[in-house]
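**Student:** All chains should be modelled from the sequences, with the hints used to inform the complete structure.
In order, the protein sequences belong to chains A and B. Using our numbering, read the first sequence as starting at 65 and increasing by one per residue. Using our numbering, read the second sequence as starting at 181 and increasing by one per residue.
Each hint should be verified, as a subset may be incorrect.
If you anchor each label on the Cβ, the simulated ranges turn out as follows [claimed, not checked]: (1) B/GLU361 to A/LEU150: 13 to 23 angstroms; (2) A/LEU150 to B/ASP365: 20 to 30 angstroms; (3) A/GLN151 to B/ASP265: 33 to 43 angstroms; (4) B/ASP265 to A/LEU231: 50 to 60 angstroms; (5) A/GLN151 to B/ALA312: 36 to 46 angstroms; (6) A/PRO306 to B/GLU421: 15 to 25 angstroms.
Looking from chain B toward chain A, a few residues come up when the C-beta cut is under 10 angstroms (computed) [stated by the list, open to error]: (7) ALA353; (8) ARG362; (9) PHE453; (10) ASN493.
Hints were generated in silico from the structure; no laboratory data involved. Note that the Cβ used here is the ideal one computed from N, Cα and C, for glycine as well.
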Amino acid sequence: MLSGITIFCFAASYTVALLLEASRLVFRSGVRGALLLGFGGAGLLAHTLFLGHRAIEAGTAPLSSEYDWYLVAAWVLAVVYLYLTLQHPRTAVGLFTLPLVLGLIGCARFADQVPFPRTKASQIWGMIHGGILLLGTIAVLVGFIAGVMHLVQSYRLKHKVRPTQGLQLPSLERLERANSLAVRISALVLLIGFLSGVVLNFVNHGQSEDEYVPWTDPVIWSSGMLLAWLIAAAVFSLVYKPARQGRKVAYLTVASFLFLVLALGVRLLSTTRHGAEGKRGARSAERGETEGRIALLPPGGRA
Amino acid sequence: MKLQLVGCSHRYSSVAARERLAFSPAQAEAALEGLRQRFPQSEAVLLSTCNRVEVYTAAEDPERAPTHQDVAEFLAAFHGLDVLDIFDDLFERTGEDAVRHLFTVAASLDSMVVGEPQIVAQVKQAYDLALAHRSTGPMTNQIFQAALRVAKRVASETSINEKRVSVASLAVADFAKRIFERFDDKHVLAIGAGETCEEALRYLQDEGARDVTVVNRNFERAVALSERWRGRALPWERLGEALAAADLVISTTGAAEPIVTLADFQRIEPARFQRDLFILDLAIPRDFDPAIGDSKNVYLYTIDDLEAACERNRKERERELPAAMRIVEQETAQFMAELRHHATGPIIKRLRQGWEESKDDELRRLFNRLPDLSDRQRDEIRHSFDSLINKLLHPPLKSLRDAAAHGGTLHALRDAMMKLFHLKD
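**Tutor:** See below:
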């Protein structure tokens with residue numbers, strides 16, 4: 065039965081939830097809240113079963129390919145969406161969150177399904193690297209959502225737009241706090257993720273040369289750019305007081321998102337050795353040369 | 181049972197008349213005590229607000245209930261007035277009309293500003309006070325509890341009191357609360373000491389604002405206002421310093437020129453570190469140069485911005501009025517049906533009881549005369565008697581229940597049945 069669940073199932077549920085969120089702008093409804101939770105919850109359930117089924121079928125943990133990494137990232141963001149909707153049912157958080165969830169699922173459609181390398185040497189560091197970078201990416205995305213909400217709310221207040229039933233947003237003060245926190249957390253977490261990737265590459269350099277990624281690889285420099293920006297933004301907001309307040313901090317999180325999009329775009333579109341051994345390994349497996357290795361790698365770039 | 185309301189409101193009487201008849205909280209307590217002593221058989225609740233003074237009375241026996249004249253005399257005597265001076269200002273509602281009126285008042289549909297939220301709390305306070313003074317009874321308990329329920333229903337099923345229509349409340353609820361999450365750690369600066377300024381301060385303190393600074397050209401007035409709001413007063417020369425520290429500013433001076441120009445604001449801007457600033461400029465002419473509104477993280481609202489929003493909200497409330505009135509009508513009809521149903525309960529019980537007693541007497545007599553009847557035969561006879569009673573009682577009871585559901589002829593029917601079947605009250 066589980067094998068019948070496809071990406072389309074949960075993507076369709078999230079799309080209906082997004083349309084319901086959009087309908088807030090048009091009319092009032094007493095049942096919309098229940099429908100939103102129903103479709104959002106159904107999407108999340110199908111999403112969870114799909115990932116679980118893939119893990120059981122492939123005999124590997126989630127995050128074992130670029131494809132899985134995007135789907136897990138979308139899953140975490142969907143959990144964040146449902147949590148926020150339950151906590152603040154009148155806030156139009158889904159209008160800003162669900163497009164990103166669907167975007168990540170869309171990225172998964174174009175991402176490689178070939179498993180990452182699975183040597184014993186890279187297993188632990190690969191798990192740390194992939195998992196931490198996933199959390200950092202979520203922090204950037206949540207910061208972006210808060211940043212866009214802040215800019216919308218600020219624009220509406222500047223232009224004296226009255227609050228509308230359909231587009232209720234958190235206060236600027238709350239969004240500012242969320243933005244500041246997202247800038248710092250994403251910088252810290254992505255720094256740890258990047259460093260774990262460096263360690264992983266050194267481990268591979270000594271033990272598995274095929275998995276070694278040159279420092280000039282596009283994934284490495286695009287990820288490095290993202291990290292450099294995040295650290296600069298975090299330091300900027302720490303030392304320059306106005307950058308912690310008002311729209312500046314929102315601009316920082318929106319810019320962080322653009323750097324993230326750049327890094328993910330480079331990973332999806334460029335020719336890279338990042339995960340290349342995995343691809344070769346998978347092709348070998350297809351030829352009956354299964355290696356039985358496991359590693360977790362995000363598309364953001366394992367160094 | 182007689183339910184009656186006698187009182188005055190903004191619809192039928194002038195402010196002067198309402199002021200003469202208004203009750204302070206202490207006076208309301210004394211008045212309830214007085215009503216209880218003067219009309220011991222009657223329940224009473226007294227509702228006194230800026231816009232209305234209403235005395236609700238109810239008594240099981242209509243003969244012992246106070247009349248319109250009685251309540252008017254009581255009000256006049258309490259306030260030391262001549263009853264003839266106030267008689268024309270008073271209106272009366274009885275029975276279903278009184279129920280509908282209270283529901284309309286509690287739902288804020290009869291308020292001067294339709295949808296204003298304070299009235300439901302005032303109705304509850306009036307009821308609680310009457311409860312505390314034991315002047316309520318079954319009827320007033322039912323009607324006031326129902327009124328609070330109706331107010332809640334109107335509030336949840338319509339948006340009639342979601343839209344603010346006073347400048348100060350709209351500024352705080354619709355704009356300030358979208359900027360700030362909390363107010364207890366914010367610095368509030370009041371410039372001037374007008375009435376609107378005080379109203380805005382009241383709303384801000386309701387939201388938790390504690391730190392209030394008052395600046396006024398007249399330092400004594402600033403001190404007086406700051407003492408009222410448990411804040412501090414600063415001399416006019418320190419306005420710039422106060423502005424640099426402020427998160428929210430309410431300005432209501434009568435100055436002919438802006439008291440803060442763009443250049444003034446730019447001088448203090450570095451000290452603010454681009455912190456969010458909410459400025460409520462309620463002065464005419466304006467106190468703040470409009471160009472200040474273009475500064476980073478400054479949200480400047482003038483009286484014109486807010487008046488326009490208030491007017492739109494008023495119109496939106498009016499659009500909600502028919503839906504709210506439908507709820508009141510529905511609830512009134514349901515309440516009256518339940519009330520009539522309760523009123524018919526005792527008569528139905530007494531009627532059935534009388535017939536049951538006659539049936540038992542007849543059966544006892546019959547069984548004495550026919551001692552050879554078997555148990556089965558006795559049961560059959562009992563069953564036949566029960567069936568006969570039910571069939572005979574069905575038409576009058578159905579008529580009574582129908583009248584209870586739809587009103588109209590209930591009282592006449594009830595009286596007729598009491599006479600026909602010799603029922604006692």
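**Student:** Take the hints in turn and mark each one as holding or not.
**Tutor:** Structure-based check of each hint:
1. B/GLU361 to A/LEU150: 13 to 23 angstroms: 19 angstroms, holds
2. A/LEU150 to B/ASP365: 20 to 30 angstroms: Holds, at about 28 angstroms.
3. A/GLN151 to B/ASP265: 33 to 43 angstroms: This hint is violated: roughly 59 angstroms between Cβ atoms.
4. B/ASP265 to A/LEU231: 50 to 60 angstroms: For A/LEU231 against B/ASP265, whose Cβ atoms are near 55 angstroms apart, the range 50 to 60 angstroms holds.
5. A/GLN151 to B/ALA312: 36 to 46 angstroms: 39 angstroms, holds
6. A/PRO306 to B/GLU421: 15 to 25 angstroms: Holds: the Cβ-Cβ distance is about 20 angstroms, inside 15 to 25 angstroms.
7. ALA353: 9 angstroms, holds
8. ARG362: 7 angstroms, holds
9. PHE453: 4 angstroms, holds
10. ASN493: Result: holds, 8 angstroms to nearest chain A Cβ.
Of the hints listed earlier, the one the structure fails to meet is number 3.
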